[in-house]
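Order-wise, the sequence lines are chains F and A.
The opening position of the first sequence corresponds to residue 1 in full-length UniProt numbering, with each subsequent residue numbered one higher.
The opening position of the second sequence corresponds to residue 1 in full-length UniProt numbering, with each subsequent residue numbered one higher.
Rather than coming from a laboratory, the hints here were simulated on the basis of the structure.
Just to be clear, a hint being listed does not mean it is correct.
Pairs involving identical chains hold if they fit within one copy or between any two copies, as the list cannot separate such chains.
In silico lysine to aspartate or glutamate, EDC-like type, Cα no more than 20 Å apart, as pairs [as the list claims (entries may be wrong)]: (1) Lys-51 x Glu-346; (2) Lys-480 x Asp-262; (3) Lys-205 x Glu-259; (4) Lys-310 x Glu-52; (5) Lys-326 x Asp-14; (6) Lys-51 x Glu-342; (7) Lys-185 x Asp-59; (8) Lys-51 x Asp-309; (9) Lys-205 x Glu-234; (10) Lys-310 x Asp-59; (11) Lys-310 x Glu-54; (12) Lys-380 x Glu-412; (13) Lys-483 x Glu-40.
Protein chains: 2
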Amino acid sequence: GHVLWLPVCCSSPDPGLRESLMLQESSWETGGRLLLTKAELQLSERLHRLKEQEMASADFPPALHFFRAKPLIQRSPIYSLLRAMPKGAALHIHDFSLVGVEWLVRNVTYRPHCYMCFTQDQSVRFLFSSREPKSIPLCSSWVLLTTLRAKTGNTTDFDNSLVSNLTLFTDDPEEAYTSQDAVWKRFEQAFTTAWGLVTYAPVFKDYYYEGLKQLYMDNCMYLELRALLPETYELDGGTHDRSWGLSAYQEVTRQFVSEHPDFLGARVIFTVHRGLNESMVLKAVEEAMNLQKAFPEIMAGFDLVGREDKGRTLWSFREALSLPGKRGVNLPFFFHAGETDEYGTEVDGNLLDALLFNTSRIGHGFALLRHPLVKELSRKRGIAVEVCPISNQVLKLVSDLRNHPATVLMSEGHPLVISSDDPALFGASGLSHDFYEAFVGIGGLNSHIGTLKELAMNSIRYSSLSPELKVKALDIWKKKWDKFISENSR
Amino acid sequence: GHVLWLPVCCSSPDPGLRESLMLQESSWETGGRLLLTKAELQLSERLHRLKEQEMASADFPPALHFFRAKPLIQRSPIYSLLRAMPKGAALHIHDFSLVGVEWLVRNVTYRPHCYMCFTQDQSVRFLFSSREPKSIPLCSSWVLLTTLRAKTGNTTDFDNSLVSNLTLFTDDPEEAYTSQDAVWKRFEQAFTTAWGLVTYAPVFKDYYYEGLKQLYMDNCMYLELRALLPETYELDGGTHDRSWGLSAYQEVTRQFVSEHPDFLGARVIFTVHRGLNESMVLKAVEEAMNLQKAFPEIMAGFDLVGREDKGRTLWSFREALSLPGKRGVNLPFFFHAGETDEYGTEVDGNLLDALLFNTSRIGHGFALLRHPLVKELSRKRGIAVEVCPISNQVLKLVSDLRNHPATVLMSEGHPLVISSDDPALFGASGLSHDFYEAFVGIGGLNSHIGTLKELAMNSIRYSSLSPELKVKALDIWKKKWDKFISENSR
Ligand SMILES: [Zn+2]
Ligand SMILES: [Zn+2]
Chain F
1 GHVLWLPVCC SSPDPGLRES LMLQESSWET GGRLLLTKAE LQLSERLHRL
51 KEQEMASADF PPALHFFRAK PLIQRSPIYS LLRAMPKGAA LHIHDFSLVG
101 VEWLVRNVTY RPHCYMCFTQ DQSVRFLFSS REPKSIPLCS SWVLLTTLRA
151 KTGNTTDFDN SLVSNLTLFT DDPEEAYTSQ DAVWKRFEQA FTTAWGLVTY
201 APVFKDYYYE GLKQLYMDNC MYLELRALLP ETYELDGGTH DRSWGLSAYQ
251 EVTRQFVSEH PDFLGARVIF TVHRGLNESM VLKAVEEAMN LQKAFPEIMA
301 GFDLVGREDK GRTLWSFREA LSLPGKRGVN LPFFFHAGET DEYGTEVDGN
351 LLDALLFNTS RIGHGFALLR HPLVKELSRK RGIAVEVCPI SNQVLKLVSD
401 LRNHPATVLM SEGHPLVISS DDPALFGASG LSHDFYEAFV GIGGLNSHIG
451 TLKELAMNSI RYSSLSPELK VKALDIWKKK WDKFISENSR
Chain A
1 GHVLWLPVCC SSPDPGLRES LMLQESSWET GGRLLLTKAE LQLSERLHRL
51 KEQEMASADF PPALHFFRAK PLIQRSPIYS LLRAMPKGAA LHIHDFSLVG
101 VEWLVRNVTY RPHCYMCFTQ DQSVRFLFSS REPKSIPLCS SWVLLTTLRA
151 KTGNTTDFDN SLVSNLTLFT DDPEEAYTSQ DAVWKRFEQA FTTAWGLVTY
201 APVFKDYYYE GLKQLYMDNC MYLELRALLP ETYELDGGTH DRSWGLSAYQ
251 EVTRQFVSEH PDFLGARVIF TVHRGLNESM VLKAVEEAMN LQKAFPEIMA
301 GFDLVGREDK GRTLWSFREA LSLPGKRGVN LPFFFHAGET DEYGTEVDGN
351 LLDALLFNTS RIGHGFALLR HPLVKELSRK RGIAVEVCPI SNQVLKLVSD
401 LRNHPATVLM SEGHPLVISS DDPALFGASG LSHDFYEAFV GIGGLNSHIG
451 TLKELAMNSI RYSSLSPELK VKALDIWKKK WDKFISENSR
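Could you put the whole structure together from the sequences, leaning on the hints where they help?
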């Protein structure tokens with residue numbers, strides 16, 4: 001228990017008592033109990049000074065929408081340090097928002113046989129095909145991109161317009177996205193646009209390889225990917241099923257790891273949309289169990305995705321979610337829950353239900369503070385919250401990131417990790433932008449090198465890796481960390 | 001301790017256990033343990049249905065800036081009910097933002113001998129005087145308002161321009177106030193504009209009487225007023241000191257209570273600006289002790305006001321604040337603390353220091369969640385937080401009130417009261433607008449009639465009234481409450 005004794009009243013407060021209460025409170029924070037080396041403390045001092053400078057500026061990046069903050073963050077020396085920092089694992093990223101869209105446009109859309117059509121709502125669709133495909137509803141007839149680009153005077157402009165079709169970025173986000181409905185509509189549109197590119201089987205593999213590479217470049221060393229495992233297709237119209245996708249992930253991961261021995265690999269959390277009906281989710285859970293049996297190395301578990309406020313509740317899928325338990329199969333769950341600001345609704349019950357269904361982690365948990373009992377349960381059981389600051393801001397749960405609920409989770413030392421959810425759609429790269437928001441905005445002047453160290457270690461601790469692999473991962477990470485510290489502490 | 005047992009894993013979660021966990025969590029909320037009558041439950045049902053309707057609307061008022069939300073709130077049947085509801089005491093309102101500015105313009109500026117001048121920064125100043133006053137720096141020469149109005153074709157437009165000089169209201173608050181600096185500048189400007197009107201001795205009394213009347217009309221029954229007790233003046237330039245102001249408050253309060261026996265009265269928390277230096281605050285604390293000795297009935301205690309982020313810290317005034325204790329005098333403190341989003345700064349230490357100096361309540365405590373140790377201390381000692389939602393929104397600590405930290409305090413049943421800080425400057429009236437935001441936005445679908453009942457009772461429980469007067473107050477309140485329930489439960 002906490003020692004909370006205070007003399008009641010009178011005369012001057014004892015500065016020693018004050019000091020000890022402040023230290024006690026600091027010790028509760030994420031990273032507050034780590035013993036730090038002299039070199040770590042030196043770097044921490046430097047980060048503190050840099051943070052004071054950024055807080056003093058009129059445009060404090062975490063108070064701004066990420067689309068406005070990004071250019072400022074790019075120039076921030078704190079950001080450079082965070083990019084160089086070994087951040088451990090990325091535990092909450094979705095399959096088709098893993099790779100910066102520049103790569104999709106500059107690389108994938110330049111490949112042969114790439115067709116495009118224009119939808120009635122100002123968007124586009126892509127398809128690879130060995131001959132001109134049949135046209136699809138609400139879209140123009142298909143045109144080869146090589147043909148289009150040949151006709152276009154300015155391919156730079158053309159390519160930029162493709163980029164903007166594939167992300168949510170806009171110069172005036174407050175004007176463009178006036179409500180959660182508006183921004184989620186755009187989110188789903190951009191996602192659909194990418195679909196035809198990323199489900200083309202050869203691109204599917206290359207995309208994933210490129211994603212691992214970008215994470216590696218961002219100094220992350222392991223990934224747990226929320227993946228829809230969609231049907232993929234070939235030029236001749238032939239298709240592949242989920243197993244193909246999963247073994248593609250496995251094969252590419254192995255290859256990448258063999259080329260980058262300090263990268264630990266990746267596992268997959270199979271996800272389906274929460275808009276599905278009960279029998280479809282039941283089927284998906286059955287399939288998840290089969291996939292897990294067939295691919296125990298790479299399959300980590302199961303989750304439901306899509307906008308929580310508009311989807312079915314976890315409780316409504318209780319039949320399906322109880323299936324593994326009933327069959328005596330251990331299928332780990334990694335539920336998105338509490339990604340809502342509608343306090344007291346049915347959907348707001350997802351947080352408790354995620355724990356009742358024995359979730360391994362909580363995706364977002366934005367509403368967790370408003371459920372003190374669930375919060376206490378998740379803390380006691382060591383169920384980490386996957387905090388994705390930029391996602392919550394762009395999807396309009398919170399505007400000023402200093403008000404993000406993770407400020408409180410961090411000050412209480414709640415188990416948590418930082419992730420980036422859909423970095424490509426938001427224009428963020430890897431984990432570094434989200435680490436910046438977490439360290440500078442959410443942590444404020446209170447977060448320090450110990451916070452960063454614990455967040456990185458948490459990402460391994462709360463991963464789905466086996467105890468043996470966790471030891472190995474921490475070992476690799478520690479060497480990188482020590483190098484990072486020694487290179488930046490002077 | 002809380003019972004937090006959960007079977008680990010497997011098979012279906014027990015619906016009975018789920019239900020009991022949900023009930024347990026509900027019992028922690030503000031008002032969650034009150035036993036409610038059938039009639040109360042009926043009204044609660046009705047409020048719940050109304051709330052669902054308002055949450056379903058595209059423009060959910062608590063998500064909008066109050067200036068945009070106000071017209072929607074005025075039309076809300078929930079608001080009508082909250083206006084009619086006996087809300088108990090207003091424990092955090094400042095002296096010169098007590099009365100809707102319409103009254104200042106339509107009544108006070110129409111009194112004889114009222115002069116006005118125009119400042120270089122588009123504002124105005126007022127002064128009552130029996131002859132033309134000497135001009136003041138950076139302001140035009142003084143003109144009688146009767147003369148000005150005679151010259152003006154459209155006195156309605158003219159009066160509206162005066163109104164807008166006296167409030168922060170604007171059609172496009174996001175555009176007008178792009179930063180906390182900008183909105184605080186305007187705040188201080190509007191406050192300064194009112195100064196010459198409200199410190200004219202006859203107006204000083206009438207203003208206060210009108211303030212009590214407006215609170216009474218809003219179904220509040222007691223006030224604790226944060227008051228600067230400034231020098232007041234007469235037509236001939238003669239002035240009155242603090243004692244005069246305090247006895248004026250006492251006299252007017254007595255008169256008002258004699259005319260409205262179901263109104264309990266008011267007490268004064270003497271405040272000075274936190275921009276003052278140490279020796280000035282020391283003098284102010286001495287004066288507070290003297291005033292308390294001379295006016296024990298109406299003097300409740302002492303506080304520091306002004307923007308916390310830009311003012312000196314409580315700790316920097318420790319000499320002054322320790323004085324009463326050292327002298328063995330019990331001068332209660334009611335400190336503003338934690339009205340900041342700059343986490344980890346010196347100013348952010350005010351919350352702990354407020355408790356170390358034995359504060360009776362915490363004004364705002366916006367940053368309290370980020371200080372779990374201070375939060376626990378304040379809870380254990382029963383130090384209530386004065387939550388002022390609209391103030392925090394207009395002064396740009398939070399935009400969407402569903403993210404206000406009081407959501408968490410309410411879900412944890414932390415001691416708190418709802419107040420309105422500077423209602424006149426924000427265009428709010430009494431407590432009802434803030435109760436609307438607290439009940440609909442902060443409480444979400446989880447708040448119910450029990451929440452409202454406990455909030456109202458809290459305002460008496462955590463007041464500075466003597467135990468005997470609290471009993472009396474609760475008695476009067478209970479009769480009003482029962483009447484309110486029986487009139488609105490069908
Ligand atoms: Zn997600
Ligand atoms: Zn105040």
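Here is what the structure says about each hint:
For the homomeric pair Lys-51 and Glu-346, the shortest alpha-carbon distance between copies (14 Å) is at most 20 Å, but the shortest distance inside one copy (40 Å) is not. For the identical chains of this complex, Lys-480 and Asp-262 are intra-copy neighbours only, at 9 Å inside a copy versus 71 Å across copies, given an alpha-carbon limit of 20 Å. Taking the shortest Cα distances, Lys-205 and Glu-259 sit within 20 Å of each other inside one copy (16 Å), while across copies they are farther apart (82 Å). For a Cα distance limit of 20 Å, the shortest separation of Lys-310 from Glu-52 across copies, 15 Å, qualifies, whereas the shortest one inside one copy, 41 Å, does not.
For the homomeric pair Lys-326 and Asp-14, the shortest alpha-carbon distance between copies (13 Å) is at most 20 Å, but the shortest distance inside one copy (59 Å) is not. Taking CA atoms no more than 20 Å apart as the test, Lys-51 paired with Glu-342 passes between copies only; the shortest distance there is 12 Å, against 33 Å inside one copy. Within a single copy, Lys-185 and Asp-59 get their C-alpha atoms only as close as 29 Å, which misses the 20 Å cut-off; across copies the closest is 17 Å, which meets it. In this assembly of identical chains, the alpha carbons of Lys-51 and Asp-309 lie at most 20 Å apart only when taken from different copies (17 Å versus 36 Å within one copy).
Taking the shortest Cα distances, Lys-205 and Glu-234 sit within 20 Å of each other inside one copy (12 Å), while across copies they are farther apart (84 Å). Only between protomers do Lys-310 and Asp-59 lie at most 20 Å apart by alpha-carbon distance; the minimum there is 17 Å, versus 34 Å within a single protomer. With identical chains, the CA atoms of Lys-310 and Glu-54 are at most 20 Å apart between copies only, with a shortest distance of 17 Å across copies and 38 Å within one. Proximity of Lys-380 to Glu-412 under the C-alpha cut-off of 20 Å is found in both arrangements, the shortest distances being 13 Å within a copy and 17 Å between copies.
Only within a single protomer do Lys-483 and Glu-40 lie at most 20 Å apart by alpha-carbon distance; the minimum there is 11 Å, versus 65 Å between protomers.
Violated hints for the displayed structure: none, as all numbered hints are satisfied.
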